[in-house]
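Generate coordinates for the entire structure from the input sequences, incorporating the hints supplied.
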Amino acid sequence: MGRHWALALSATLAIVATAKSAEIDLAAAIEAVQRVGHLGAGNASAQQSWPVLAAAAPDQLPQLLEALDDSNPLAANYLRAAVDAICERTLAKGEKLPADALEQFTLDTSHVPRARRLAYEWLAKVDPTAGDRLIPGMLNDPSVEFRRDAVARLLDAAGKETDAEKLKPIYRQALSGARDLDQVQTIAGKLKDLGEEVDLSRHFGFLFAWRVIGPFDNVGGKGFATAYPPEQAIDYDAEYPGKANLVRWQEHVTVDPIGAVDFNTILAKEKGVAAYAVAEFQSEEGQDVEFRWGTMNATKLWLNGALLAEHEVYHSGEDLDQYIAQGHLKPGKNVILVKVCQNEQTENWADSWKVSIRVCDETGTAILSADRPEKSPTQSVEPKPANL
Amino acid sequence: MLTARTNRWLALTVGGIVCLTSVAADWRQFRGTDNNSVAGDARLPTTWSDTENVAWKTPLPARGVSSPIVVGDNVIVTSSSGYKQDRLYVSCYDAATGQQRWQREFWATGRTLCHPTSANAAPTPASDGERIYAFFSSNDLICLDLEGNLLWLRGLTYDFPTAANDVGMASSPVVSGETVVVQIECEGNSFAAGINALTGETRWQAPRPAQQNWASPVVWRGGNGGKDVVLVQSGDRFTAYDPLSGEIVWEFPANCSGISSALAHGDVVYVPAGGMTALKFPEPGKPEVAWQENKLGAGSASALIHDGRLYVLNSAGAMTCGDAKDGTVLWRGRLKGSFWATPVLAGQYLYCVNQEGLAQVMDLAAEGNIVAENSFGEPVMGTPAIAHHALYVRTDGKLWKIENRGQ
Chain A
0 MGRHWALALS
10 ATLAIVATAK
20 SAEIDLAAAI
30 EAVQRVGHLG
40 AGNASAQQSW
50 PVLAAAAPDQ
60 LPQLLEALDD
70 SNPLAANYLR
80 AAVDAICERT
90 LAKGEKLPAD
100 ALEQFTLDTS
110 HVPRARRLAY
120 EWLAKVDPTA
130 GDRLIPGMLN
140 DPSVEFRRDA
150 VARLLDAAGK
160 ETDAEKLKPI
170 YRQALSGARD
180 LDQVQTIAGK
190 LKDLGEEVDL
200 SRHFGFLFAW
210 RVIGPFDNVG
220 GKGFATAYPP
230 EQAIDYDAEY
240 PGKANLVRWQ
250 EHVTVDPIGA
260 VDFNTILAKE
270 KGVAAYAVAE
280 FQSEEGQDVE
290 FRWGTMNATK
300 LWLNGALLAE
310 HEVYHSGEDL
320 DQYIAQGHLK
330 PGKNVILVKV
340 CQNEQTENWA
350 DSWKVSIRVC
360 DETGTAILSA
370 DRPEKSPTQS
380 VEPKPANL
Chain B
0 MLTARTNRWL
10 ALTVGGIVCL
20 TSVAADWRQF
30 RGTDNNSVAG
40 DARLPTTWSD
50 TENVAWKTPL
60 PARGVSSPIV
70 VGDNVIVTSS
80 SGYKQDRLYV
90 SCYDAATGQQ
100 RWQREFWATG
110 RTLCHPTSAN
120 AAPTPASDGE
130 RIYAFFSSND
140 LICLDLEGNL
150 LWLRGLTYDF
160 PTAANDVGMA
170 SSPVVSGETV
180 VVQIECEGNS
190 FAAGINALTG
200 ETRWQAPRPA
210 QQNWASPVVW
220 RGGNGGKDVV
230 LVQSGDRFTA
240 YDPLSGEIVW
250 EFPANCSGIS
260 SALAHGDVVY
270 VPAGGMTALK
280 FPEPGKPEVA
290 WQENKLGAGS
300 ASALIHDGRL
310 YVLNSAGAMT
320 CGDAKDGTVL
330 WRGRLKGSFW
340 ATPVLAGQYL
350 YCVNQEGLAQ
360 VMDLAAEGNI
370 VAENSFGEPV
380 MGTPAIAHHA
390 LYVRTDGKLW
400 KIENRGQ
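Protein sequences appear in the order of chains A and B.
When you line the first sequence up against numbering that gives the first Met the number 0, it's residues 0 to 387, in that order.
When you line the second sequence up against numbering that gives the first Met the number 0, it's residues 0 to 406, in that order.
Derived from the structure by calculation, the hints contain no laboratory data.
Just so you know, even glycine gets a beta-carbon here, dropped at the ideal spot from N, CA and C.
Mixed in with the good hints, there may be bad ones.
Said to hold, decoys possible - Below, a sample of chain B positions facing chain A; criterion: calculated Cβ distance under 8 Å:
1) Glu186
2) Thr201
3) Ala205
This is the structure we're talking about:
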């Protein structure tokens, strides 16, 4: 009897030791892939460690998913490939994924959105009810992918709704969660059909009240690096030598639903030029924000005199949130300065000289200036000198 | 009169080419293992339909405009999805059955904007027969083995943030020996790079013009005295690199196409510049223009050679046949529709698939007579692959295998 006990005890200890060793191996492997960095650094040890990750047991998935919280984009891809390999292998063997743990992870908003989404997508493969149970409650989720799915479900529901009275509330609810332009435009179109206008500029947080100055010289692209006077100081009363004439600040209010500040219209259609636009933003508190902008032109963006980002790219595509820069708003007045350079390409598709800028949080939810009116302007304002 | 040194160089070159061209019937990278769009001995059907010669078709996880590649009995395809085009897929299918063997998904680490007709999955993956090198518009380069195990990955826009193009990048990587060569040319940081195929480390990085470019590098097997060179084209130059060291073997000033890629055939290199420019090499490393012909200008598709004739397709569907020796235009034909995909050759038949997914089969033995038309019913942007006597086509949502059935 005693001998049997001893055998059982040693077997149990061996299992515990093996499990402990596997945990240590997994933790070390995670650390190894998290050291992957720029220029291929760390790939060699990550290559050794990835098979350890991929061989992990299904009940170790939460550990791998949690590691995504602290991983750079390259390390994240090592980890997600391992998660996929584990899940694929487990299902191929006819075994079960830890559905409860995956659901718990999905709903835990303290984790990074991508990790939660990864957990959810494997959960949805083994639990066909997961979408119906979880997605409707994710309209205001930190994950834009979950939000998008939740909005899509509301749009589907609206498409099946036969009672016109119930449509507006559904679309309004969908709009409250929608952050992607295509969905917002769809909802805005539906609400317009129902007699309700959506203020797109406000929904996205586009800046609309600007002061503009230019054109300065950008022949040969040299203006991008040239620090013209607005980069030294903002003085709305000053006038400076421009490309051909003296230039001075003028007010401009854009009524474009997506906030386009079109220098071809405000100034003149010209090539080889640079212009500046300034907007003031009243923040009630110090807060981290994102500046997102779209343009076909080369741009530099400053917040309160500090350069946040620069992109010397011309006519290479345009999108709503083409460029993103993080910034910190101070309480009170903040000054946002953008420089927009047009090159000398002669093709008609290279005429565009404009920019749209918005302020939002990391989910794309608008952050509005404290002095922003309830409704964005819909009437054009003729350009006039800024000091009048 | 050829010098003894030149003779030896030519012998090594041609010998190397013959040897390497017959490596296998795989189709391991864009326009085939040798980047020439030719599977000369393949026997393919000229007609197919729902009930005839379609071995299988299988849904893909997402869109893409990249081509399939075939390595042994694996068919590998890349795709991308997501509102931001930031989800990347590498999928492997059993060539015999079309069943998915494995799929790996990644998040893009670089810029993902692209034209709506394109996709992040625009570059065609490459393989050396043991590993897969999947490349995306976001400049993510991912190395997997044939079982889907991740070996290494690079984020080349993550490393060089201005290396990006918001219309979308499309240049496909090539493999030579143990080096993967990528070409990244845009208005920002532009370069060609040789990446160690085993480790993902950068062997070399060479600056390239900061100008948008979607053309792909080409491996000229044995083109440098029996050693490979990688040919890289830009708006103002055509460069031959030693793939291992990145050393420039030779360079030629040329206003090259930014989409259609070059072709190496025997001891001549055909450069899509000034219509078409053929380069000959009386002395090693010293290119000279053999001929130049404006009427042989390609559109998006790349040229190919069959039986001493050069075939060039423009974007509007005009096929021009020229004499590869001197560029003399021999005949012109018209295909239906417009084209992104490069035609591929099996035997005497040229398979030309237009944007709408209509495959037109051209008989090159009959001056380009169209002998059959077969519709895939979906847009086709990627160049088909031919391997092991089968045609693989990636349509908007599916992967197809076409082969002779019941014969």
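| message | Please list, smallest to largest, the hint numbers that this structure does not respect. | response | 3
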